[in-house]
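Top to bottom, those sequences are chains A and B. Following this note's numbering, the numbering of the first sequence begins with 5 at its first residue and continues without gaps. Following this note's numbering, the numbering of the second sequence begins with 228 at its first residue and continues without gaps.
Derived by calculation from the structure, the hints in this document are not laboratory data. In this text, all values refer to a predicted model and were calculated from it rather than measured experimentally. Every residue gets a Cβ at the ideal spot worked out from N, C-alpha and C, and that includes glycine. Heads up, a few of these hints could be off.
[Claimed, not checked] Some chain B residues flagged as far from chain A (calculated, every beta-carbon gap over 10 Å):
(1) Leu249
(2) Gly319
(3) Gln370
[Claimed, not checked] Simulated restraints, written as ranges between beta carbons of each label pair:
(4) B/Ala355 to A/Asp132: 27 to 37 Å
(5) A/Arg98 to B/Ala411: 41 to 51 Å
(6) A/Asp132 to B/Arg314: 53 to 63 Å
(7) A/Ala41 to B/Phe318: 43 to 53 Å
(8) A/Arg98 to B/Ile439: 53 to 63 Å
(9) B/Ala355 to A/Ala135: 27 to 37 Å
(10) B/Ala355 to A/Ala131: 23 to 33 Å
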Amino acid sequence: MPISQGISLPAGLAERAESGRAASILPLRLRGAVARARGKQLIGPIDLDITRRGLTIVMGPNGAGKTTLLRLMHGLQRLSAGEIIWNAPQSQVRDRQAFVFQSPVMMRRSVLDNVAYPLVLRGINQADARAQAAEIATEMGLGGLLDQPAPVLSGGEQQKLSLARALISAPEILFLDEPCANLDGRATREIEAILQKAQGDGTRIVMSTHNMGQARRLAQDVVFMYDGKVHECAEATGFFEDTPKTPEATGFINGDIVE
Amino acid sequence: MDEILHGTYEAARLIVTLDRDLLEIIVLSLKVTLTAVAIASLIGLPIGAWLAVNRFRFRRIVIAVLNALMGLPPVVVGLFVYMMLSRSGPFGAMGLLFTPSAMIIAQVLIITPLIASISHQTIRDLWAQYHDLLISLNATRGQRIISLLWDGRRALLTAMLAGFGRAVGEVGAIMIVGGNIEHATRVLTTAIALETGRGDFAFAMGLGMVLIAIAVLVNLAIHGLGRTERSSVW
Ligand SMILES: Nc1ncnc2c1ncn2[C@@H]1O[C@H](COP(=O)(O)OP(=O)(O)OP(=O)(O)O)[C@@H](O)[C@H]1O
Ligand SMILES: [Mg+2]
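Looking at chain A on its own, in the form it has when it is part of the complex (with noise of 0.2 Å):
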């Protein structure tokens, strides 16, 4: 693919990303998980492992629980049953992952200090961060932005910014819901590119897509959700080359309407 030798994540990111590692909050696993919302049960219950390296797609049709399920992984939708096990202390974990919403959530400040929040909230100096910031924009084609106010972007540079402000603080997971929703095909191949590299350099990404290009592109892993359940968890050469097993998914892929 040849965008993807064009961008070059900053030096220290992967390094950031790979001493991380050493004592990494992966494996995930769900056991049972199940969420609920005003008495209505969203999703569950999951038993779901998320390994040390790779990276899944989560599909599904509208309304199956793919944000529900990302959300509750993150620990932004309370877990009303269940499990969710990290491997560290849960006053690590937060810290080290990153979440990039479906709707990007631009602060009212430059692009610069969008980009850099993250690391100013961690306690690192305006100066640093905003040098590291105006790095990893630059690479991520918002150069010519940096002192835009965030909420004047466009929809791609939005979710750019957003995946900027995601990769500054070198997570170990990464989750993106959606990512590429209402973006052009080129926006979406300069995306892609920036995860795989970022995968590349030991990021562990999860994320959902309705994009069925994009997920044979990317993925490695396929979750595949419906009603609320993971009705198969599968490696992606498995999901799409041979049939999948059950008939839900069978019908998604091929694009029929699953009733």
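Since chain A is already given, all that's left is putting chain B with the ligands on it; use the hints.
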């Protein structure tokens, strides 16, 4: 008609020549009101932010009380402060009645609910936008409030200006607790009331023009802030 023309001319002359009495009253007005706005902001802004980001048992009731306090008649606030500060009142020993401090206290009571309420609404909307991001980034409680106050600073400045506008034009409470004493507690509004009653329209109109100019400036600033807020969305 003649009286109005003459009054206007005299008023303009007083302003242009920087009449000493006029200037003294303007300066005291600004001193009292700016101090009150500063204190009310120090109290009101954090309360507004805190109410916006914390869930607790009596939150709704506190917000309802805050909104009710916003509609409190200033004269009643004046009466209340008077009773507190009068010699037989609980704070009588401090000897604050009929001093600028008493006027500041009354104004703080009048505009703090206004500033807290407006900042609460602003911060609540911003918090709805930022909530997931700030939780995801593991921001501490203090960091959250600082980030929200900073990013909402334009709207918060608007709240402070609204408080200023209300305080500088207030007359009832100030009259009661300040006493409108010449060279001591006489401010724009109380002086206008007095001079009008006395029939010195020129002086009253001069003061009125200054007060109107201040109010117009404040409203222009609020309008300008609101526009930049919307057009650039930050
Ligand atoms: N806070 C909530 N309260 C009630 N129901 C909720 C809540 N959050 C999610 N749901 C419901 O849970 C189900 C799963 O939602 P979720 O957003 O996880 O689906 P999704 O797979 O991400 O869908 P999409 O592809 O449309 O993004 C939906 O039926 C949704 O209505
Ligand atoms: Mg979703």
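Results for each hint:
For B/Leu249, the condition that its CB be more than 10 Å from all CB atoms of chain A holds, with the nearest at approximately 42 Å. Here B/Gly319 stays apart from chain A, with its beta-carbon at least about 48 Å from theirs, past the 10 Å limit. Some Cβ of chain A comes within 10 Å of the Cβ of B/Gln370; the nearest lies about 6 Å off, and the non-interface call is violated. Taking the beta carbon of each, B/Ala355 and A/Asp132 are about 31 Å apart, inside 27 to 37 Å as hinted.
In this structure, A/Arg98 and B/Ala411 break the distance hint of 41 to 51 Å, their C-beta atoms being roughly 58 Å apart. Roughly 60 Å separates the CB atoms of A/Asp132 and B/Arg314, a value that falls within the hinted 53 to 63 Å. Look at A/Ala41 against B/Phe318: about 51 Å separates their beta carbons, and that is inside 43 to 53 Å. Between A/Arg98 and B/Ile439, the C-beta spacing of about 55 Å keeps the proposed range 53 to 63 Å intact.
The hinted range of 27 to 37 Å is satisfied by B/Ala355 and A/Ala135, whose Cβ atoms lie roughly 32 Å apart. Checking the proposed 23 to 33 Å range against B/Ala355 and A/Ala131 shows it holds: the Cβ atoms sit about 32 Å from each other.
Hints 3 and 5 from the earlier list are contradicted by this structure; the remaining hints agree with it.
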